[in-house]
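Q: The C-terminal position of the sequence shown is numbered 79 in full-length UniProt numbering, with every residue numbered one higher than the one before it.
Because the hints were derived from the structure by calculation, they are not lab data.
Check each hint, because a few of them may be wrong.
Restraint-style ranges between C-beta atoms, simulated for each label pair [what the hints assert, rightly or not]:
#1 Leu23 to Pro2: 29 to 35 Å
#2 Glu44 to Tyr20: 31 to 37 Å
#3 Ala41 to Leu19: 35 to 41 Å
#4 Thr5 to Glu40: 51 to 57 Å
#5 Gly7 to Pro42: 57 to 63 Å
#6 Val9 to Pro42: 39 to 45 Å
#7 Ile35 to Leu10: 34 to 40 Å
#8 Leu4 to Val25: 26 to 32 Å
#9 His37 to Gln8: 42 to 48 Å
#10 Thr53 to Leu28: 51 to 57 Å
For each residue, glycine too, the CB sits at the ideal point set by N, CA and C.
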Amino acid sequence: SPTLTTGQVLLSLITFALLYALLLVLFLFLLDRKIKHGPEAPEEPHGSDLPNTFREVFRSRSQGRASGELELEEDHVPS
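Between the sequences and the hints, there should be enough to build the whole structure, so can you do that?
A: And the structure:
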């Protein structure tokens, strides 16, 4: 453009480069902080919710079948 000087173009490019360099430094700082913090610890499952033995697992499954909770079984597929 005839009204745009070389100094204006140079100033615009320098400002653009400085702005993106600042954003890069901020990104790297935040990324480093997240990496140093590490992942969050997984939640511990509540032991009282889990059955203690296989007998309890199979007892609860058979009680579910007796009460009609399980309507379809995997081996029996209607045709």
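Q: A separate judgement is required for each hint: does it hold in the structure or not?
A: Right, here's what the structure says about each hint:
1. Leu23 to Pro2: 29 to 35 Å: 33 Å, holds
2. Glu44 to Tyr20: 31 to 37 Å: 44 Å, violated
3. Ala41 to Leu19: 35 to 41 Å: 38 Å, holds
4. Thr5 to Glu40: 51 to 57 Å: 54 Å, holds
5. Gly7 to Pro42: 57 to 63 Å: 58 Å, holds
6. Val9 to Pro42: 39 to 45 Å: Given range 39 to 45 Å: violated, Cβ gap about 54 Å.
7. Ile35 to Leu10: 34 to 40 Å: 37 Å, holds
8. Leu4 to Val25: 26 to 32 Å: Roughly 30 Å apart at Cβ, these two residues keep to the hinted range, so it holds.
9. His37 to Gln8: 42 to 48 Å: 44 Å, holds
10. Thr53 to Leu28: 51 to 57 Å: Given a distance of about 52 Å, which is inside 51 to 57 Å, the answer is holds.
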